[in-house]
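Line by line, the protein sequences give chains E and D.
Residues in the first sequence are numbered consecutively from 0, following numbering that gives the first Met the number 0.
Residues in the second sequence are numbered consecutively from 0, following numbering that gives the first Met the number 0.
Simulated from the structure, these hints should not be mistaken for lab results.
Some hints here could point you the wrong way.
With the Cβ distance kept under 7 Å, some of the chain D side facing chain E (calculated, not the full set) [claimed, not checked]:
| id | residue |
| --- | --- |
| 1 | Asn8 |
| 2 | Pro11 |
| 3 | Val21 |
| 4 | Gly126 |
Treat the numbers as computed from the prediction; the structure is a model and nothing was measured.
Glycine is no exception: its CB is placed at the ideal position from the N, C-alpha and C atoms.
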Amino acid sequence: MIPEIGHILLILTFVASILQVLFWCFNIKKSDDITINVLIKSTFINFVFILFSFGILVYSFIISDFSLVIVSDNSHTLKPLIYKISGTWGNHEGSLMLWILILSFFTFLVSRKKHQIPYKLLSSIIGIQTIILCLFLSFILFTSNPFERLNVLPIDGNGLNPLLQDPGLALHPPLLYFGYVGLSVSFSFAVGALITGEINKEWARQMRPWITIAWSALTIGIALGSWWAYYELGWGGWWFWDPVENASFMPWLIATALLHSVRILEVRFILINWTILLSILGFSFSLLGTFIVRSGLLTSVHAFASDPSRGLFILIILGIATGGPLILYATKTSLFKEDKSQFNIISKESALLINNLFLTTAAATVLIGTLYPLFLDAFNGNKISIGPAYYNATFAPIMAPVILLMAIAPFLSWGIKKPNKIAKKLIFLSVITFLGGLGLFMIDESSLFSIICGSLAIWLLTGVIVDLTFQIKATNLRLNSFKAIFLYFSKNNLGVHIAHMGVAVFLVGVTGEQFYKTEFNIKKNVGDIINVGNKSLIFDKVETLPGPNYKSETATFTLLKNKKIIDVLKPEKRFYPIEKSQTTEAAILSDFWGDTYLVLGDGNKETGWSIRVYFNPLISWIWGGAGFMALGGLVSILQSRKSRKKLKNAI
Amino acid sequence: MKSKIIIFNILPLTLFALILAVSALVLYEVKKNPSNQNLINSQLIGKKIPTIKIEKIDFFQQKVKDQTLNIDKYKNNFFAVNFFASWCAPCRVEAPLIEELSKLIPVVGIAYKDKVKNTKVFLEDYGNPYDQIGLDDFGKIAIDWGVYGVPETFIVNTDGKIIYRHAGPLLYNVFKSEVLPLIRKK
Chain E
0 MIPEIGHILL ILTFVASILQ VLFWCFNIKK SDDITINVLI KSTFINFVFI
50 LFSFGILVYS FIISDFSLVI VSDNSHTLKP LIYKISGTWG NHEGSLMLWI
100 LILSFFTFLV SRKKHQIPYK LLSSIIGIQT IILCLFLSFI LFTSNPFERL
150 NVLPIDGNGL NPLLQDPGLA LHPPLLYFGY VGLSVSFSFA VGALITGEIN
200 KEWARQMRPW ITIAWSALTI GIALGSWWAY YELGWGGWWF WDPVENASFM
250 PWLIATALLH SVRILEVRFI LINWTILLSI LGFSFSLLGT FIVRSGLLTS
300 VHAFASDPSR GLFILIILGI ATGGPLILYA TKTSLFKEDK SQFNIISKES
350 ALLINNLFLT TAAATVLIGT LYPLFLDAFN GNKISIGPAY YNATFAPIMA
400 PVILLMAIAP FLSWGIKKPN KIAKKLIFLS VITFLGGLGL FMIDESSLFS
450 IICGSLAIWL LTGVIVDLTF QIKATNLRLN SFKAIFLYFS KNNLGVHIAH
500 MGVAVFLVGV TGEQFYKTEF NIKKNVGDII NVGNKSLIFD KVETLPGPNY
550 KSETATFTLL KNKKIIDVLK PEKRFYPIEK SQTTEAAILS DFWGDTYLVL
600 GDGNKETGWS IRVYFNPLIS WIWGGAGFMA LGGLVSILQS RKSRKKLKNA
650 I
Chain D
0 MKSKIIIFNI LPLTLFALIL AVSALVLYEV KKNPSNQNLI NSQLIGKKIP
50 TIKIEKIDFF QQKVKDQTLN IDKYKNNFFA VNFFASWCAP CRVEAPLIEE
100 LSKLIPVVGI AYKDKVKNTK VFLEDYGNPY DQIGLDDFGK IAIDWGVYGV
150 PETFIVNTDG KIIYRHAGPL LYNVFKSEVL PLIRKK
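From just these sequences and the hints, can you work out the full model?
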C-alpha cells in the first residue's frame, strides 16, 4: 500500500507541474503578486510531494520491501543499513528520483528569493525549472517507474553490486547530482533573461552564488568518484578518461568558465551573450552526461543501467531543453546591448576571457574524445576507442596556459585602472618558479613533463601567496589578531585565492603521482620482510574473518620506517556470497607526503600470496586540492552574502 | 557586421542540432537490432569468428612471446572468448564466473588495452582461468569483434560460429539462465 502512495504522489506532482507550466505560459507577461505567489506555492507543493515520494522509496529499501522490483534487484536483508539507504540511488530508477528531488529542491530555494529577484524573471525561472521537472517526471512515470511491483514475492533480494557498497560511493551520486541539477538554476536564469529580454548587472550578481554552489558540489562529487576508484579498484590510478567520468568533467569545465564570465558580466557588463550561452551549455552538458550514461551507447566502468529506449527519451528531453533555449538564443540575443566602452587588453576581464576560451576549448576536446567513436560508428561502422593518449596530447597543452594566466589574473585590475605593482609581482613570481623548476630538474632531470607540471604548480601556488602578501602589505593592516585577519579576508576575494590554491595543490599531487610513484609485485609468505628504501613491511599473518554480508581474507603487515613501527596495514579480499563476487580492499596508509598502498592478491599457505605495493607520493594532494577548490567556492558564496547584507544595511 | 553577429547566434544551435541528429541516428542503429539479452546487438552472432592474430603472453616469462594465439586447436569444440582488462572494475566482479565457465569450456582471454605487467597482477589477484591469453594493446582485435567495452564474453560453437555474446560483466543469473543452457545443448 505504501509504495502506491509514493506512486500516486508522483502522478499528482506530474499533473500539478503541467498545470503550473500552463498557468505560467498564459501569464508569461504578467508580474503581479498573485501570479508570482501561485507559482511559488505550487513549487513548494511539488517539492513536498516529491520529498514524500522519495522518502517512501527510501523507507521501502530500509524495511526491505521485496515486492518492489528495484528493492529486490538492488537490496538484500543482510546489507548494512547505510547501504540499504544508499542503494536507493544506486540504480537507474532511484537515481532519477534523487535527480527530481534535487531539482524540485533547487526550484524551491530559488522561489524563496522573491524579494531579490524581479518578479518577471522569477516567474520565468520557476516556469523553466518546472518544465524540466515535467520532462523528468514523465521520463520516470513512463519508462522507469521506481514503484513497480513484482508478481511473485522473492524470499530475498539480489543484493547491491559489492563495488558500490562503500561510503565514498554512497555520497558520490548525490553530490554529483547536486552539481548537475544545480546548473539548471543558472540555465533557467539565462533562459529567463532571454524570455524577459532584460539583463543587468544585478542579474549576474543574483545568478553567481547558484553557479558557485553547483560548481562546488560537482567538484567534490567528481573527486569522491575518483577517490573511490583509487582505493576500491586496487590498481592505484585515479582518473581513467572514461566516457562517464568525462560526462561529469565537461559540465565542470563549462561551469568553471561560466563562474568567471558571470563575474566579468557583473563587474563590467560585457560578454552577455557568451555568459548566456555558457549557462545554457552547462546544463546541456549535464543532460548529455545523463544521456551518455543511461542510454547504453557507451559501456564503461559505470554502465550499470543502460537501455536504448530510455536513451531515446533522454535524447528527446535533451532536444527540448537545449534546442528551445538555443532557438531563443539565436533570435533574441541581438537585443542585448553591452557596455563596449573602455576595453583594455591588460585587464582582469581580458585574462578571464582568454581563460574562458581555453576552458571551453578543453570541454570541446573532451566532448570530441567522448562522442567521436560513436559518430564514426554511425557513419561507417568503424569502431574505435579513445584513450588517455588522446587526452594527454590535447587536453594538457590547453590547460597549461590556463594555469599560467590563473596566477596572473588576480594581479590585474578591472577595466582601465592601472594594475598595482604588477611588474614587481611578476618578477618575484618568475624567479621563484625558475628556482623551483631548477630544483625539480636536480631531483630528476629525465622527465621534461614532470618539470613542466611541477613548475606550473609552483607558479600558481606562488602567485596566490604573492598576491595575498602584497594585498596585506598594501592595506598596511596589522594582522595581529585572529579577528583582524578574519575581517581583512572577509573583505577580499579570499574564496578565489582558496580555490586557485586548490588547483595548485591538485597539480602538486598530479606531479607526484604521475612522475614519482613506485610500484612492484612480489610473491611472499607469512614471516617474510619486504624492504624498500628506508621502509620495510613485515608480513605477519593471513586470517579469514566474517563480515556483515561477506567473508574476508585479511592479511596483516607491519610497516616500519627507519626500524621504527609506524602502523599496521590490513589489506583484504572480500567475497560476497549473495552477489557471488569478490572485491579487493587495499590497505592504504595516507599521510601528507604520500600513500603506502598495499593489495593482497591470490595465494595460499604453501605458495605464499602475491602482494602489490605502491608508493604514491603526494597523491592525497589531488583530492585535498579538489577540497580546497570547493571550499573556495563556499567561502565566496558566504562573502557575497555578507556583502549583500552590508549593502542592504547601507541602503 | 550585422550578418556576422547572426552567424554567431545560430552557430550553437546548428552544432547542437548536428550532435542531436547523429546521436539519434546512433540510437536508432542500436535500437534497430536489439539482441535478446543485453540490448546491444552483435552483428557477429551466427557468423564465423573474426581472426585473432595477436601475440600470446606467457606470464611465467613475463614477456610477450613471439607466437600468436592458437585458435585452431578448438576446432570442433565449444570455446569462449573473454575480453578483459586489469583496469576494469566489472572484470573483477565477473572473475569468479569466468573461473566457473573455464571449468566447462576453454576460455581465451584477451587483455584489452592493457600492459603485460598489470595483466599479470590482475591474474595473480583474481586467478587465471584462461586457456591462453592474447594482448590487444591497441584495441584492434576488440574493434574486429565489435566490443563496446570490457568485459565482454563470446561463445563460439563447434562450427567456429559465434552463438552468444554478452556485453558487461557475466553475472551469476546471466550465467545460469543464458550461458549454461547454451553449453549444455552442445
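So, against the hints stated earlier in the document, which numbers end up violated here? Every hint satisfied by this model.
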